[in-house]
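Going down the list, the protein sequences come from chains U and V.
Using full-length UniProt numbering, read the first sequence as starting at 1 and increasing by one per residue.
Using full-length UniProt numbering, read the second sequence as starting at 1 and increasing by one per residue.
Check the hints yourself; a few may be wrong.
As the list claims (entries may be wrong) - Now the in silico label distances, taken between C-beta atoms and shown as ranges:
id, chain 1, residue 1, chain 2, residue 2, range
1, U, Val79, V, Leu257, 56 to 62 Å
2, U, Pro107, V, Gln184, 57 to 63 Å
3, V, Ala133, U, His252, 26 to 32 Å
4, V, Gly139, U, His252, 22 to 28 Å
5, U, Leu93, V, Ser58, 34 to 40 Å
6, V, Gln146, U, Pro100, 44 to 50 Å
7, V, Gly139, U, Pro255, 21 to 27 Å
8, U, His252, V, Gln184, 30 to 36 Å
9, V, Arg33, U, Arg106, 29 to 35 Å
10, V, Val232, U, Pro100, 31 to 37 Å
Derived by calculation from the structure, the hints in this document are not laboratory data.
Positions of the beta carbon are idealized from the N, C-alpha and C atoms, including for glycine.
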Amino acid sequence: MTRRPLARYVLRAASLATALGLWQVLTSLDIDLWLRFSQFPTVTDVAHALAGRLSGADYWTDLTDSLTRILTGFALAAVLGVATGVLVARSPLAEDLLGPVLEVVRPIPAIALVPVAILLFPSNEQGIVFITCTAAFFPVLVSTRHAVRALTPVWEEAVRTMGGGRLRILGSVVLPGALPGIFGGLSVGIGVSWICVISAEMISGQYGVGYRTWQDYTVVNYPGVFVGMITIGVLGWVTSTAVELLGRRLTHWLPRSSYVPGGRPRASRPLAAPVRADGDSERKTQPEQQGENHTEEARDEHLV
Amino acid sequence: MSTSSESVSAPAVPEQEAVRGTRLAFRGAVLGRPGAPVLSDVDLEVAPGEIITVVGPSGCGKSTLLRTLAGLLAPLDGTAEADGSPLTGPSAGRALVFQEDALLPWRSLRGNVELPLAIRGVPRGERRTRAEAWLARVGLTAQAGQLPHRVSGGQRQRAQLARALADSPRAVLMDEPFGALDAQTRSGMQDLLVEVLRGTGATVVFVTHDVDEALFLGDRVALLGSGRVAAVRDVPRPRDRAAFDAPARVALRRDILTSLGS
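Just chain U, same shape as in the assembly (with noise of 0.2 Å):
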């Protein structure tokens, strides 16, 4: 049942290729019924803004700008969170000195802090790492904070009684252990900088693919807003899908199911008769499958 990964790349694709598409239609027939796409740029209309751009000077600026802050910010939200992330949930010092300021500050969306990073920062390039930072250190910090929590006692004593102090421990197994955890935060914490990056390049920014889509709205060129749009959305893609490689390359030791969820369960409807066919045969095999484990497993076992 399962789709080789060919086939599973050109359904992607071609999930793209449908939705620029629909755009393309829609724009380039003028429909108006109630959502009006008369005053959208059509998908012709955007590439050549993008070509014409792509050969320019200021769309390389901006995109390395951008992608200097927010690396610059996330980085530092990484190593922060971590560390505050650890210490909360290993010391109930910690916990009592910086909880209650950490759950008062936390709600506070990272783009309020705008004023607070202008009063702050003598420059607004600095201004923007902290708003970038601050969105993607509490993300880090609460799942760093569940996942050092949630790590088994065992692991922490075995250490300790191979005589281990507490820096092996933090480093044989709370950093380790926290790892499939801590990704999990940096995962969410990446998309949450990129959301908090452009706003503050679209409010206090000096070029910077925000700064730049919101220049392109203020003057109407709309082609140009939409290659800003397009811009943020790969760049969110491929560093969300970088963290995610680097993730499941550390954390390669986790337990993964063998079952492949490739196969749509066509024959979970009992509606018609032959699906219920279907159905049982599957069930059928199924046991048979499981008895093949269990021997293999007790296999194992007896090679004690």
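Place chain V on chain U using the hints.
Chain V alone, transformed into the frame defined by chain U:
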């Protein structure tokens, strides 16, 4: 202790190696978590190099006793001693083998066995040689590079045994290490344990709920019941499968089962 002239079937512990083991003792100890004592009036001495098994119904405080000896729990009253001085915390000299999976899941079996050596500061090359030697002794050479969840439960417990013994501890504390294994694997593991302990001279405290396992492995059996150490009995001909039907052993087994049942 048997003299060397009779040591044909029962392996006597040579004098020189017996000194290597830790002398463990409880003196008037009350054991448990703070506010919840489970064992009181514990007075028990474990001689260097001795194997003592601890049996009792579940929840009677077997694990508590072991964790106190490991230094993970402090006695609520009285003292727990190693070589005459009170325990203050865990030490690499007293290795603990856990009932459940205590192998670090992100380290290969080899990596897990190397860990106590790394903590002690053994150089990398020597660490690897010693870990591989121990894995070979427990029959895991082929699985050395595997992650714990890729091997069977019995293999994981063998790796745990290798990890516990890798740094030549002077005492090995075992908390129902074979409790989750099937009967056949379990008796194979008991033989393996006897085999790998031979010549280490380590003192062993082995907690189990299986009376037969306790009688096979222990020089002595300590019975826990109703919040205290109910009895400590000498086992005739320990670690000798042929002695299973010997009248003295059968009588002792009946005694222990009766007092556990009451």
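Hint by hint, here is what the structure shows:
1. U:Val79 with V:Leu257: 56 to 62 Å: The hint (56 to 62 Å, Cβ to Cβ) holds, given that valine 79 of chain U and leucine 257 of chain V are roughly 59 Å apart.
2. U:Pro107 with V:Gln184: 57 to 63 Å: Given range 57 to 63 Å: holds, Cβ gap about 58 Å.
3. V:Ala133 with U:His252: 26 to 32 Å: holds, 27 Å
4. V:Gly139 with U:His252: 22 to 28 Å: holds, 26 Å
5. U:Leu93 with V:Ser58: 34 to 40 Å: holds, 37 Å
6. V:Gln146 with U:Pro100: 44 to 50 Å: Cβ of glutamine 146 of chain V to Cβ of proline 100 of chain U: about 46 Å, so the range 44 to 50 Å holds.
7. V:Gly139 with U:Pro255: 21 to 27 Å: Between glycine 139 of chain V and proline 255 of chain U, where Cβ atoms are some 23 Å apart, the hint holds.
8. U:His252 with V:Gln184: 30 to 36 Å: holds, 33 Å
9. V:Arg33 with U:Arg106: 29 to 35 Å: holds, 34 Å
10. V:Val232 with U:Pro100: 31 to 37 Å: violated, 53 Å
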